[in-house]
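Protein chains in written order, with this note's numbering: chain A, 736 to 963; chain B, 46 to 381.
The hints are simulated quantities; they were obtained by calculation from the structure and are not laboratory data. Don't take each hint at face value.
Said to hold, decoys possible - Sample of chain B residues facing chain A (criterion: CB under 7 Å; computed from the structure): (1) Phe74; (2) Val96; (3) Asn100; (4) Arg126; (5) Arg129; (6) Met134; (7) Phe136; (8) His138; (9) Asn140; (10) Gln144; (11) Ile157; (12) Lys161; (13) Ala187.
Glycine is no exception: its CB is placed at the ideal position from the N, C-alpha and C atoms.
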Amino acid sequence: MLDKDMIWMLVEGTRDTLYMTLMATLFGYLFGLPMGITLMVTAKEGIQPTSRVKQKVYAIIYKVLDVIVNIARSIPFLILMILVIPVTKAIVGKSYGSAATIVPLTIAAAPFIARMVESSLQEVDRGVIEAAQSMGAGLWRIIWSVLLVEARTSLLIGVTIALGTILGYSAMAGAVGGGGLGDIAIRYGYYRYQTDVMLVTIVVLVVLVQILQSIGMMLSRKLDRRRA
Amino acid sequence: MDPIIQVKHLCKTFQVKGSQVDAAKDISFDIERGDIFGIIGLSGAGKSTLVRCLNLLEMPTSGEVIVDGKSLTELSDAELRFVRRDIGMIFQHFNLLMQKSVLDNVCFPLKIAGVKKQEARERAMELLRTVGLEDKAGAYPAQLSGGQKQRVAIARVLASNPKILLCDEATSALDPQTTKSILGLLRTINETYGITIVVITHEMAVVQEICHHVAVLDEGVLAESGTVQDLFRAPKTEAARRLILTGTEQLSRMRGGTAVRVTFSGQSSFEPMIANLILEYKMPVNILFADTKNINGSAEGEMILQLPDVKDTAERMIQDLRAKRLGVEVLEHYVG
Chain A
736 MLDKDMIWML
746 VEGTRDTLYM
756 TLMATLFGYL
766 FGLPMGITLM
776 VTAKEGIQPT
786 SRVKQKVYAI
796 IYKVLDVIVN
806 IARSIPFLIL
816 MILVIPVTKA
826 IVGKSYGSAA
836 TIVPLTIAAA
846 PFIARMVESS
856 LQEVDRGVIE
866 AAQSMGAGLW
876 RIIWSVLLVE
886 ARTSLLIGVT
896 IALGTILGYS
906 AMAGAVGGGG
916 LGDIAIRYGY
926 YRYQTDVMLV
936 TIVVLVVLVQ
946 ILQSIGMMLS
956 RKLDRRRA
Chain B
46 MDPIIQVKHL
56 CKTFQVKGSQ
66 VDAAKDISFD
76 IERGDIFGII
86 GLSGAGKSTL
96 VRCLNLLEMP
106 TSGEVIVDGK
116 SLTELSDAEL
126 RFVRRDIGMI
136 FQHFNLLMQK
146 SVLDNVCFPL
156 KIAGVKKQEA
166 RERAMELLRT
176 VGLEDKAGAY
186 PAQLSGGQKQ
196 RVAIARVLAS
206 NPKILLCDEA
216 TSALDPQTTK
226 SILGLLRTIN
236 ETYGITIVVI
246 THEMAVVQEI
256 CHHVAVLDEG
266 VLAESGTVQD
276 LFRAPKTEAA
286 RRLILTGTEQ
296 LSRMRGGTAV
306 RVTFSGQSSF
316 EPMIANLILE
326 YKMPVNILFA
336 DTKNINGSAE
346 GEMILQLPDV
356 KDTAERMIQD
366 LRAKRLGVEV
376 LEHYVG
């Protein structure tokens, strides 16, 4: 049952799962982080510009982004995966395998990450932002040196949550030939009734999530200077 | 006369759930270069809104704020950011970067101004020495006491060599001892660097301690303004009287007789005026409250007396006191 081939397959599956998860998280932040920052800044309670015209522009940007994020967030991942197959094919060249799964994973992760980033940045003390403004800091300076620095603990916890969620999504991708541990669990555990393989994949997934969680929490605690 | 800040017909209206709140109603005043100017009012009087209009953290609904000859509302965003470097601000809750060390906090305005890292660090260390915190350069704000945090904030604000320093309730979160030392530091800064300081507070004691001029705000309206001595000796408005008499509120429970507030400067001769009153009118005079305050270095005494419940006698006693060139006010509101 759990012979050498099977173990090798599980190792490969784990590698693929990690590859998909890490890449999708990376790309997810590539899009989600700027989106989250934009949401926080352009919100009514964000960092309002002085001119009325710019305030109007901000309001429009917020509304548009808010609607996009909400729509994307309400499409179930399994359906989204099928929906974006043309996009996946255009980017990766095929619609199955772990590299191809990164595309729908990223599309699903980005709006979710944007919301987490938005809420992390909202936790930054208004007074500190005001202090930076009073020193003559511009918007970019405030984003870079105040928001991202002051919220870094919360942002890192967000990364940890994102990793766990995306790992879960990547397993779901196994249902449509996504590769990785989810793929193995479905092919062997579900179609071939090999419960032991199923159990091993579950254990590996649990351990992976635990490790990612612990590293994330440790880092965020280490980087937090708010404790005396 | 060389005003560094001119506020002209400033109005600020907030829309709160459909209803209008006037935080500032047609406020005009000037602040002289090198002055320590107090803006005092009870909470909700509009002080914070007013001070935020002085560096445009809050956009006035109408009116003008002219700083060093420039009308702030007419500046572009970039110009405004540049002018803001000349207007430092410190806050009630210090507003330090919690994830940055003390040294990095002080370097922050220099970073904004594009000063080179090495140069910024040297200047920051020098400023930390000025505020007496050079040994805390590597510490984080969470490890400091309130007074130390405010000192860091002061070092940070001085980094960009401002011409004006706005203090928004800067001592309200501190204990009396620390408040005194922070106010002392502010006075030193005013004297050594010639920085004009604007102090927002709800505490008369703070105004008396360091301000030269003061404006009293009451429900968004500038009730009165002038020198601190004048306000203390002869407050013209009810709002000012209320602020001066906080600390003596318990008097409102007293009954009978006429109460008067008598003020005298430390230079006035120590004639036994109360003893004389009693001897002359053969009627008791009750001292309800007495205090001496240091206002800009001169001792100012204040006393609240309860005069006899005979209208005529009380009237003549007041005239007697006035004849001795003492400040006398009748406090109908507080006793009766």
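The hints, checked one at a time:
no., hint, in the structure
1, Phe74, "violated (21 Å)"
2, Val96, "violated (10 Å)"
3, Asn100, "holds (6 Å)"
4, Arg126, "holds (4 Å)"
5, Arg129, "holds (4 Å)"
6, Met134, "holds (4 Å)"
7, Phe136, "holds (6 Å)"
8, His138, "holds (6 Å)"
9, Asn140, "holds (4 Å)"
10, Gln144, "holds (5 Å)"
11, Ile157, "holds (5 Å)"
12, Lys161, "violated (16 Å)"
13, Ala187, "holds (5 Å)"
In this structure, the earlier hints numbered 1, 2, 12 are contradicted, and the remaining ones agree with it.
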